[in-house]
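This note's numbering applies: residue 762 is where the sequence shown begins, and numbers increase by one.
By construction, these hints were calculated from the structure, which means they are not laboratory data.
Among the hints, a few may not be true.
Computed beta-carbon distance windows for the label pairs [said to hold, decoys possible]:
no.: 1; residue 1: K1002; residue 2: K797; range: 41 to 49 angstroms
no.: 2; residue 1: E1063; residue 2: K1002; range: 45 to 53 angstroms
no.: 3; residue 1: Y809; residue 2: W955; range: 34 to 42 angstroms
no.: 4; residue 1: N1034; residue 2: G1008; range: 29 to 37 angstroms
no.: 5; residue 1: S842; residue 2: R1007; range: 35 to 43 angstroms
no.: 6; residue 1: W836; residue 2: F1055; range: 21 to 29 angstroms
Every residue, glycine too, gets a C-beta built ideally from N, C-alpha and C.
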Amino acid sequence: MFLSKYSSNIIESRSGLAPLTGKMLLPSQFLGPDEKRSQKIMAEAADYYGDRLQSVSVPVDDTTMEAFVLWPEGWDRGDLSRCIVYSNPNGVTVPQVFEEGVLGWTPAEVMEAKRVPMIFYDYRGSGVNKKVKANRSFIGRCSSTYASVVLDGEAALKCAKEQLGFENVTMWGSSLGGGVASVAVERYLKKRNWQPLAHISIVNHDSFTTTARVALPYFKKLADFLGSLVGIQIDAQKSMKNLVNRGLKVTVLCHLGDPVIPRGARMAELFSNSCPENVKVFCSSEYGHAHLSFDMLLAIKEMR
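Let the hints inform the model, and build the full structure from the sequences given.
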């Protein structure tokens, strides 16, 4: 059993390559506010929002990561009918979202448009989860990999459904977060024999089909092979196809003038030929990435 687990870890880490490529996949591990500044920002947010901002310890793998629930003003805390779990882009952390202690950028626009509780979390190895607490009370640094960020997304979804008890959960993923959300939702549902399917949905926002195709959009097979080889591959397309075929409610938002995710690697292109009834695709003609342009805001306000 020990040898089997050891071999599995070696394969998962790609003999040490995955932690290295993970730094390219998730630059927020070394960009943005440091640990001390991150904690200060979240303390400022707690002062600003009071009991509307709730800190939650989320078990994941053999560690515990910190997440935050922000309740809309005037929300009945007994109302657990719905919420949004927000999965970050690869260069953004929760403290950056709560710059100077106040919610901003895309998540602020989402909350304004949807008016539901939102759950925020940092991938282990970044932001407030730069240091994570192991279940044996050992505190140490965690290196993020293509595998660990998906585990974090799955843990955040499980927290929303089973730990906090929300009935309906929308996994909103911007950029990298869209890939994380797609794979995490599929894994979560598979483990539960697809029973919570009707109560989970996805918003895939300016995201990719696979991580490797972002670098090689016109050489898809080669990109996917190399991505798997070096340990940077998140195959969101495979998970999305399975989820859509199962009937999951999916919304795809895409900037046609996206400077980060090139043509040939965009999730919206998966539905360019046909769009099932359970999928809504909105493409904005505006330039941008991982933010909500005015036309996108109008579109999501109309979505139920």
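* Run the structure past the numbered hints and jot down the numbers of the failing ones, going up. => As far as the earlier hints go, 2, 4, 5 are violated by this structure, in ascending order.
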